[in-house]
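Please work from the sequences and hints to get the whole structure.
Number of protein chains: 2
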Amino acid sequence: MSKPVTRREFLNLIAATGGVATVLGVGGALGLIPASTQASVPNLMPLNGQRRRVVVLGGGISGLTTAYELGKVGYDCTVLESSHRCGGRIMTVRHGDLIDEIGNPQICKFDDEPHLYFNCGAARLPSSHKNTLNYCKELGVELEMFINENKHALVHDPDLNGGKPMRNIDVSTNLKGFMAELMFKGFNNAELDQPFTDDEAAKLLAVIRQFGDLDEDGRYSGSLRNGYASGGFISDPVQKEMIHVRDLLKANTGLLRSVLLENEGETAPMLMQPIGGMDNIIKGFLRKLEGKVEYHAMVMAVHDHGDQIDVTYDQNGQRLTITADYVFNCIPSHLMVGIENNFPEEYRSAMKSIRRGEAFKGAFQMKQRFWENEEIYGGITWTNQPIRQIWYPFHGLLKQKGVMLAAYDYGGGSGFMRMTHDERIEAMLSQGEKIHPQYREMAEHGITIAWHRMNHMLGCSARWGARTPENERNYQILQQPAGRHYMIGDQISRKSAWMESAIQSAHWAMAHMDQRVRAEAGA
Amino acid sequence: MSKPVTRREFLNLIAATGGVATVLGVGGALGLIPASTQASVPNLMPLNGQRRRVVVLGGGISGLTTAYELGKVGYDCTVLESSHRCGGRIMTVRHGDLIDEIGNPQICKFDDEPHLYFNCGAARLPSSHKNTLNYCKELGVELEMFINENKHALVHDPDLNGGKPMRNIDVSTNLKGFMAELMFKGFNNAELDQPFTDDEAAKLLAVIRQFGDLDEDGRYSGSLRNGYASGGFISDPVQKEMIHVRDLLKANTGLLRSVLLENEGETAPMLMQPIGGMDNIIKGFLRKLEGKVEYHAMVMAVHDHGDQIDVTYDQNGQRLTITADYVFNCIPSHLMVGIENNFPEEYRSAMKSIRRGEAFKGAFQMKQRFWENEEIYGGITWTNQPIRQIWYPFHGLLKQKGVMLAAYDYGGGSGFMRMTHDERIEAMLSQGEKIHPQYREMAEHGITIAWHRMNHMLGCSARWGARTPENERNYQILQQPAGRHYMIGDQISRKSAWMESAIQSAHWAMAHMDQRVRAEAGA
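Chains A and B, in that order, give the protein sequences. As numbered in the numbering used here, residues 5 to 527 make up the first sequence, in order. As numbered in the numbering used here, residues 5 to 527 make up the second sequence, in order.
Because the hints were derived from the structure by calculation, they are not lab data. Watch out, some of these pointers could steer you wrong.
Stated by the list, open to error - The calculated lysine-lysine pairs, modelled on DSBU-like cross-linking and capped at a C-alpha distance of 35 angstroms, are:
1. B/Lys438 - A/Lys207
2. A/Lys76 - A/Lys296
3. B/Lys405 - A/Lys76
4. A/Lys403 - B/Lys499
5. B/Lys405 - A/Lys371
6. B/Lys403 - A/Lys296
7. A/Lys403 - B/Lys296
8. A/Lys405 - B/Lys405
What follows is the structure, given as structure tokens:
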């Protein structure tokens with residue numbers, strides 16, 4: 005979508021295509037379209053005293069979902085978690101917590117207060133993710149709003165406004181004004197050969213004018229929508245000077261996209277977060293799984309014997325084996341590849357094919373919530389520096405301190421991954437102070453997390469890559485069980501990196517197993 | 005802005021104007037524009053034991069601000085409030101509260117729970133309203149987000165989609181796609197005679213494509229941005245069918261405007277609300293004004309004697325008079341007109357000139373938060389029925405019940421004003437159930453408030469009308485004191501109906517008085 009075209013190419017395009025003509029037409033079924041996500045929790049057959057043993061490999065949210073749901077209907081479940089904590093990429097760091105990055109272990113030094121935490125991985129819960137929400141409700145996890153988009157937050161690009169940050173709303177209001185002028189003219193073309201009625205044409209023009217705050221002649225000359233240069237309450241509001249589109253176009257295209265688009269797709273619904281940290285969802289599951297989770301349990305081997313399946317693991321120097329009916333496995337595929345198993349070759353090969361993302365996040369505790377003095381309450385500031393984003397915490401509103409996301413590099417391959425902790429901190433400070441002059445002075449107790457170096461994970465979410473026939477085949481193979489072994493997690497979904505995907509993957513696999521159990525039981 | 009034009013008029017317009025040409029240009033001063041609202045609290049001279057008596061007429065937020073600030077520097081203040089409560093149009097109703105509408109008194113029957121309240125008047129606190137926020141901070145009023153815009157909320161128009169409600173995001177995504185196609189074509193016109201460089205043109209096209217999710221050829225054919233028809237996690241996402249612009253144009257223009265525009269102007273900054281009800285701000289002030297507020301104190305006369313000013317009031321049948329140095333008066337101007345006074349004729353005449361708005365709000369307690377099952381969390385549903393809006397409470401998320409705004413008619417003159425309480429309730433039910441079928445069954449304990457009939461107020465916010473020379477003169481007259489008497493409140497501001505305006509008005513008047521006191525003191 006973002007492929008740039010030259011002016012010449014553009015003219016050819018216009019010549020070659022009919023424009024809006026094909027968009028016009030009558031009808032289409034317009035019923036209130038159902039919510040995108042339906043509750044997917046399977047209707048499992050209760051065992052009623054029959055014994056079924058299940059081993060869950062990995063205490064990520066898909067593994068915990070499995071142990072929780074199967075436990076409800078009578079399965080005997082054990083979760084083997086290799087690290088000291090459950091949750092995987094659902095990880096909240098607070099005062100005294102260990103960040104277990106290989107070669108860069110850190111103890112978090114944030115003040116010991118409930119609002120001073122950092123969600124190192126999962127940080128946003130779209131309200132359309134029904135299954136995740138349902139578990140929050142069921143497990144008593146209290147939620148609050150997460151502010152993703154805030155038009156009062158900033159945009160920074162060295163080429164824009166001489167490198168001085170601008171408010172999102174100043175960029176977007178002016179860009180929209182210009183775009184509306186284009187539409188106003190473009191409509192001239194379109195309506196000549198389109199069967200708009202006068203009434204439709206008038207409506208469309210009215211909407212276009214309102215979209216951009218154009219004057220009666222269809223001109224944009226600034227707006228009061230992006231606030232006032234001064235006044236507004238006791239004295240008259242003074243309109244801010246119009247910003248010329250040419251000046252806005254100095255910014256990077258991706259940055260303009262971030263400004264102009266509101267929340268879309270996964271972030272279009274309301275976003276939420278558990279009050280006090282994302283890992284409250286994990287804690288909610290663990291309250292229901294007491295005695296069922298083994299920590300520091302490193303899986304060494306998985307052997308499917310046809311009528312049963314063995315899992316061998318190492319715990320505190322002891323080698324232990326559990327014989328089970330089924331295994332559900334959310335160990336990252338690229339780590340599972342290195343664990344002894346007797347899976348079919350095509351299954352092993354499919355596991356090997358999945359690449360992992362490299363994501364980096366950094367955060368500072370800020371001595372003062374200086375952004376609130378600049379009328380920024382929550383939301384994201386965009387920059388085209390390597391830190392990419394700054395997230396202002398909304399929670400803790402008007403308190404003294406807050407923990408701010410200071411870098412979020414989800415593209416992989418950036419310099420952050422290869423830096424020492426101190427170099428990362430310095431990069432975050434020097435880039436942050438280009439946006440907020442007081443940044444360096446305010447920042448304390450910085451933490452950094454490179455997910456592809458995190459112990460027991462060594463990677464962020466699965467990246468399946470382009471929908472090639474080969475990738476597609478591998479996906480199909482891994483979604484199906486290998487004997488009594490099910491791969492689960494967001495890694496086995498069409499939309500990795502979301503909790504909802506991990507949960508739905510677990511539901512899918514349990515439903516599949518349930519059919520087998522029903523068949524065995526002659527049900 | 006919303007004046008419709010016919011196709012013929014439109015063609016003339018296009019012919020008559022040069023389009024985007026004038027928008028293009030180099031430069032303009034683009035510094036990070038300051039926040040629109042500055043803290044306006046005046047630097048008052050402390051009295052240091054000198055005695056100064058002030059009477060504040062009316063316990064609205066401007067009156068309380070005055071008593072609070074003057075009290076801090078040693079003034080002896082008394083607030084005379086005619087009703088049983090302070091706050092004026094800052095009014096939160098909970099279990100057992102009286103709604104003091106003349107001819108329609110109601111006792112609120114909501115369940116007695118903290119999240120089951122209704123803000124009958126002021127309901128949104130823009131984060132740019134610095135003075136209001138500062139008082140929240142100073143008075144220990146805890147705030148939370150208010151969700152104004154929610155693209156998952158609904159749009160309803162009998163002419164749109166056969167009267168079946170649609171999600172806001174389905175309308176806006178499809179409308180934007182069409183608009184982007186128009187721009188894509190319109191750019192052709194524009195760039196021919198504009199000095200865009202190839203690079204600028206490419207950027208602009210890229211931004212336009214991304215704005216509307218157009219394909220490589222600049223065509224819009226639906227999007228995944230408004231969610232999926234199905235799938236998305238375990239199975240592939242299925243794109244929703246494109247909705248044709250002609251079908252969207254069936255809706256009322258004003259409704260389309262509400263859909264397409266995000267929060268703008270006063271609601272563009274983050275919006276907040278005090279946790280537990282807007283009147284917590286009033287309670288915050290009252291904690292600082294103990295013993296200084298007289299309730300049921302009806303002002304009968306104000307007489308300025310040049311060197312002092314007398315206020316006579318009736319309290320529980322007693323006629324009392326206070327002699328003061330200054331009076332600050334936030335009694336609604338149209339009521340003050342009927343109270344005996346010796347103000348100059350032009351001042352009285354200016355008071356008479358201000359019209360008042362008629363606003364109507366209604367609310368139901370809902371037995372279940374059925375909207376959350378439809379993935380609506382907070383925000384506004386727009387309809388072109390007389391109820392105009394439905395507001396879904398975000399607070400109380402995932403609890404059983406919630407109080408929903410069921411009608412908000414701010415236009416005045418609607419039928420609601422002239423209906424009995426029962427007729428209003430029935431209108432709210434029958435219109436609400438066109439949007440949510442289960443509405444009638446879920447609704448209980450409805451309340452209705454017609455502000456122009458509320459006791460001691462008889463009107464909503466001041467409506468100054470067009471900026472005619474006469475109105476302008478009246479504004480100037482009323483902003484200045486009449487002798488020792490200051491009119492205050494949002495009624496004496498350029499933007500009535502906001503708490504910020506009322507507060508700034510009080511600040512302005514106190515600063516004016518402070519200059520006089522300093523002069524008297526020879527300071």
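If you test the structure against every hint from before, which numbers come out violated?
Checked against the structure, the only hint that fails is number 5, while the rest are satisfied.
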